[in-house]
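2 protein chains.
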Amino acid sequence: MIISRSIKDLKMRLRKLELEGNKIGLVPTMGYLHEGHMSLIDYSKKENDITVLSIFVNPTQFGENEDLDNYPRDEERDLEQANSKGVDFVFIPNVEEMYKNKKTTVHVSDLTNVLCGKSRPTHFDGVTTIVLKLFNIVRPHKAYFGQKDAQQVIVIEKMVNDLDMDTKIIVCPIVREEDGLAMSSRNVYLSSLQRKDALSLNRALSLVKEKFKAGEKNSITLKSLVRKEIESIESATIDYISLVDFENLEEIKIIDKKAIVLLAVFVGKTRLIDNIILEENLC
Amino acid sequence: MIISRSIKDLKMRLRKLELEGNKIGLVPTMGYLHEGHMSLIDYSKKENDITVLSIFVNPTQFGENEDLDNYPRDEERDLEQANSKGVDFVFIPNVEEMYKNKKTTVHVSDLTNVLCGKSRPTHFDGVTTIVLKLFNIVRPHKAYFGQKDAQQVIVIEKMVNDLDMDTKIIVCPIVREEDGLAMSSRNVYLSSLQRKDALSLNRALSLVKEKFKAGEKNSITLKSLVRKEIESIESATIDYISLVDFENLEEIKIIDKKAIVLLAVFVGKTRLIDNIILEENLC
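Just so you know, the sequences run in chain order A and B. Just so you know, the first sequence maps onto residues 113 to 395 in my numbering. Just so you know, the second sequence maps onto residues 113 to 395 in my numbering.
Warning: the hint list may mix true and false statements.
No distinction is drawn between identical chains; accordingly, a pair holds when it is met within one copy or between any pair of copies.
[Claimed, not checked] Taking lysine to aspartate or glutamate and the EDC-like style, the derived pairs with C-alpha atoms no more than 20 Å apart in a straight line are:
| id | residue 1 | residue 2 |
| --- | --- | --- |
| 1 | K260 | D154 |
| 2 | K370 | E328 |
| 3 | K321 | D179 |
| 4 | K369 | E178 |
| 5 | K260 | E289 |
| 6 | K369 | E289 |
| 7 | K157 | E176 |
| 8 | K254 | E130 |
| 9 | K212 | E269 |
| 10 | K157 | D186 |
| 11 | K365 | E209 |
| 12 | K254 | D276 |
| 13 | K369 | E290 |
| 14 | K365 | E328 |
| 15 | K340 | D161 |
| 16 | K329 | D261 |
| 17 | K123 | D261 |
| 18 | K308 | E130 |
| 19 | K158 | E208 |
| 20 | K212 | D278 |
| 21 | K323 | D368 |
These are computed hints drawn from the structure, not numbers from a lab.
Construct all of the structure, not just a fragment, from the sequences and the given hints.
See below:
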């Protein structure tokens with residue numbers, strides 16, 4: 113496993129492999145790897161000749177009062193885990209390497225001013241800019257993202273399509289703890305009591321799934337189920353509950369196409385997100 | 113010569129050539145080709161295995177009251193000229209092919225709110241977005257731009273560097289008519305009288321060059337020479353006269369590094385630009 117901290121070095125190595133006809137997969141992460149990330153690596157290993165894992169806590173996607181400084185990091189453990197999974201390249205640049213004297217940003221309109229973009233107004237410009245940079249550095253044939261960050265995936269897919277990029281975005285299922293909590297590096301912020309309260313997110317979404325499968329298509333009814341479940345938890349504060357068109361993220365009233373229920377909830381001071389896709393033949 | 117109007121088609125053809133090890137040069141234009149464009153094609157032919165010429169009058173770089181609708185076009189003549197120069201691919205997409213349902217823009221800060229960016233506030237976002245798209249479609253090893261659009265070149269170089277793109281930007285000298293007028297597709301707007309008045313731009317810059325070579329380093333003195341020359345022409349209205357640091361486009365008072373004098377002047381209703389680089393050992 114090659115560890116590279118330099119854009120120039122990594123590019124040189126990867127271009128050679130690309131010209132030799134290798135298919136390259138990229139798993140972009142902010143580190144502090146968990147089973148969700150591991151599953152992305154597995155998918156990439158299966159579908160590509162070379163798998164690149166990037167680890168970069170991207171400052172531009174954090175807002176002013178967010179948890180950039182406290183974001184959990186453990187490089188040593190991350191590298192061990194990557195190595196055990198057979199990752200070929202780990203790219204770990206520092207902030208200077210990625211952003212020194214930079215003046216260029218990439219912006220996707222509309223999709224980024226709703227949901228998480230409403231609560232975190234500069235977040236998605238940070239995401240799209242860093243992802244574009246990573247794609248230009250690695251030139252992956254495929255890049256792997258988790259469905260947990262549903263809006264992120266939809267925004268990135270839009271960017272890739274709008275800018276005529278070659279990388280194919282692969283969206284992988286949410287990986288959950290045994291008790292149903294969606295895996296997230298931020299789960300370490302939770303006290304053991306909050307950890308239990310956090311289960312309310314998945315519980316609420318499971319209720320929605322059941323009702324939807326039983327024939328309920330009314331958005332207000334489904335969302336009120338979620339609201340009721342979350343509001344029953346004292347430590348939980350709802351940021352948003354939305355039921356939107358899967359393609360354009362616009363709120364819908366009656367589900368007549370692929371839709372997604374998205375949920376952002378503060379448990380104590382920790383902001384958690386989760387979601388469930390609603391479509392015909394949901395298993 | 114292959115003429116392609118489809119992103120997908122062009123990509124497919126070029127990726128094959130790229131994987132075979134061919135070096136690809138791109139000459140991005142808005143068509144209505146003149147000797148300036150021809151010289152860019154010549155440079156690309158010399159330095160690459162494959163030369164791609166793109167012709168696209170990009171609507172997003174025109175302001176609301178600008179000349180998009182009247183911008184001169186002559187596809188047939190352009191294709192003949194490209195063919196006679198040995199261009200390998202001409203890419204002529206329509207607006208729908210490039211922009212249908214698009215929501216993504218690329219923005220370079222600071223460098224784009226001075227000079228032409230001040231008079232044309234949305235211009236450079238249009239330029240950077242279309243150039244990024246063209247680079248992603250063609251994946252050129254080198255792309256050729258004229259020094260006449262000096263600010264454009266500096267903005268594009270910044271974008272390419274900031275976003276870690278592989279394309280090398282090659283800046284080619286201004287090509288002039290025999291009487292000194294910088295070649296531009298917009299020169300066709302000029303009446304024969306205005307055509308003579310337009311020579312004042314090059315005349316003013318030549319005066320600056322002479323004075324600079326004779327030892328004059330004071331920006332105010334040099335700019336006042338230009339102002340006096342342009343103001344002597346009745347049909348001419350100055351948009352800006354600037355003497356700036358070549359790297360960051362900041363105004364300078366005394367020339368102690370590579371600098372550039374930039375000039376934008378309306379002759380009648382036609383906006384013309386020209387510039388001259390001032391550096392040691394200027395020939």
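Status of the hints after comparison with the structure:
no. : hint        : result
1   : K260 / D154 : within (17 Å within a copy, 51 Å between copies)
2   : K370 / E328 : within (14 Å within a copy, 69 Å between copies)
3   : K321 / D179 : neither (32 Å within a copy, 55 Å between copies)
4   : K369 / E178 : neither (35 Å within a copy, 42 Å between copies)
5   : K260 / E289 : within (13 Å within a copy, 60 Å between copies)
6   : K369 / E289 : neither (29 Å within a copy, 61 Å between copies)
7   : K157 / E176 : neither (36 Å within a copy, 50 Å between copies)
8   : K254 / E130 : both (13 Å within a copy, 18 Å between copies)
9   : K212 / E269 : between (27 Å within a copy, 15 Å between copies)
10  : K157 / D186 : neither (23 Å within a copy, 51 Å between copies)
11  : K365 / E209 : neither (46 Å within a copy, 33 Å between copies)
12  : K254 / D276 : both (14 Å within a copy, 18 Å between copies)
13  : K369 / E290 : neither (30 Å within a copy, 64 Å between copies)
14  : K365 / E328 : within (12 Å within a copy, 71 Å between copies)
15  : K340 / D161 : neither (48 Å within a copy, 65 Å between copies)
16  : K329 / D261 : neither (24 Å within a copy, 56 Å between copies)
17  : K123 / D261 : neither (28 Å within a copy, 30 Å between copies)
18  : K308 / E130 : neither (47 Å within a copy, 54 Å between copies)
19  : K158 / E208 : neither (33 Å within a copy, 37 Å between copies)
20  : K212 / D278 : between (27 Å within a copy, 18 Å between copies)
21  : K323 / D368 : within (15 Å within a copy, 73 Å between copies)
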